[in-house]
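With the hints as your guide, set chain V onto chain A.
2 protein chains.
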Amino acid sequence: MLTKVGSFQFHIESYVCDFTEKATISVMCNFILDTASIHAQQRGFGYEQISKDNVAWVLSRLSVEITEYPGQNQYFTVETWVENVSRFFTQRCFCFINQSGKVIGYARSIWAAIDIKTRRPIDIQIWRPDLADYIVEEKVCPIEKLAKIPPIDGIEANMGYTVRYSDIDINKHMNSVKYIEHVINTFDLSIFKEKFISKFEIVYLAEGSFGDKLKLYKTQVSESEFLVDTKKGEESVCRSRIIWK
Amino acid sequence: MLTKVGSFQFHIESYVCDFTEKATISVMCNFILDTASIHAQQRGFGYEQISKDNVAWVLSRLSVEITEYPGQNQYFTVETWVENVSRFFTQRCFCFINQSGKVIGYARSIWAAIDIKTRRPIDIQIWRPDLADYIVEEKVCPIEKLAKIPPIDGIEANMGYTVRYSDIDINKHMNSVKYIEHVINTFDLSIFKEKFISKFEIVYLAEGSFGDKLKLYKTQVSESEFLVDTKKGEESVCRSRIIWK
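Residue numbers (the working numbering), protein chains in the order written: chain A, 620 to 864; chain V, 620 to 864.
Only chain A is shown next, with the shape it has when bound in the complex (with noise of 0.2 Å):
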């Protein structure tokens, strides 16, 4: 049996970076799917693997904490476990290391399992018993429950999008980091230069598809936290905080 923590290793190439020269948070939050996604493979309850069940996992929140941002040239390990498995959610963590070994950062997701044809939620321990086998207790991952990301009245923030080729998956549905590269492309360049995201929680509630005309809601809730409510119609898709430091 495999270690329940995987550890992946990235080189960060320059195509990743922003003007500041370091990753950006969709590319951390690429690198977040990415080991889960191996992590879930090599352990027998990948993508492939269970899509043989009809079943798929589905991104329902996500929350990240960085400290530092990993630079241009640098590599870069990622850490992924098991924290916990309900039955309809489960739980993973991930560190982030930077290449001289210190911690810059942690990630905590909650993913529920579908019914590829219904698109409902199934039972994931009578489904899969054997994932608690992988659950790590001894591990930490100091980062705050999931808060509730409440519906925004907000201004838009008059940047509509409509989904396309570039915004869509291996699923046909829309990529998960690419909802937050258009929440993060909201906000105005100055910004960059003076601060980072420390901190950013999404919470996914529709999916987006091909063609989908969304819009972008905004509301500045302290002087570094910001709310952006990404809807179709009249409905949330998804929600997300953004704290700036």
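Do not take every clue at face value.
Taking lysine to any residue and the SDA-like style, the derived pairs with C-alpha atoms no more than 25 Å apart in a straight line are [as the list claims (entries may be wrong)]: (1) V/LYS832 x V/SER855; (2) V/LYS671 x A/ASN692; (3) V/LYS837 x A/LEU833; (4) A/LYS814 x A/THR686; (5) A/LYS767 x A/LYS812; (6) A/LYS812 x V/ILE862; (7) V/LYS791 x A/ILE862; (8) V/LYS864 x A/ILE787; (9) V/LYS837 x V/PRO769; (10) A/LYS791 x V/ILE862; (11) A/LYS834 x V/TYR784; (12) V/LYS832 x A/CYS636; (13) A/LYS834 x V/SER855; (14) A/LYS671 x A/ALA731; (15) A/LYS814 x V/ILE789.
Everything labelled a hint here was simulated from the structure, so no lab data went into it.
Chain V in isolation, oriented as in the chain A frame:
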């Protein structure tokens, strides 16, 4: 002295693939620019080194021909070399090799060296006569010479976009590959299900900056060939030719 031809290996992660589970044309262009940058850096004429002379490389044209895109989880190699150096331009070629050692494509790029302050081209042969030492004559890049792409009186693709944070590169200009991503996004998902982009050409004419509102004009030249003009007001920022197979 390092070998004249540089060879760089990449691993195709899931997040650089589209729904066909292959790397996208934009990602292939990222690999191109990345290898160009590393190859030049290793040989003393990279971005950081020439910035000390107040000089920067500017991509003027790019032509890419691909017979087969690398798939998810595959390894993939890009070879790059300098094909020639004239007064105001240098040509750099690329060869794509899949993990079985098969050549799956080529690219040719044309670069100008500009004075960072005046933004005007400088005479490369006077500035850096040593670049000629890196010219590789024995390696063939069987790609057609870049043809002119005419201005387009086409139908507006109805896909204007505003240049956002995710479009901006390390030099605070619009990232060369992001123009390509927006051009590709003018196509409907259905075409990607049946065909792939066998040839992509782009000529860069002006620089986009944060907040610019760009418009895309597209025309279909034949069953498989499209032209897309990206304009800021009346001015073409870049023009591209896309051939599907």
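Enumerated hints in conflict with the structure, sorted upward = The structure conflicts with hints 5, 6 and 13, although it agrees with all the remaining ones.
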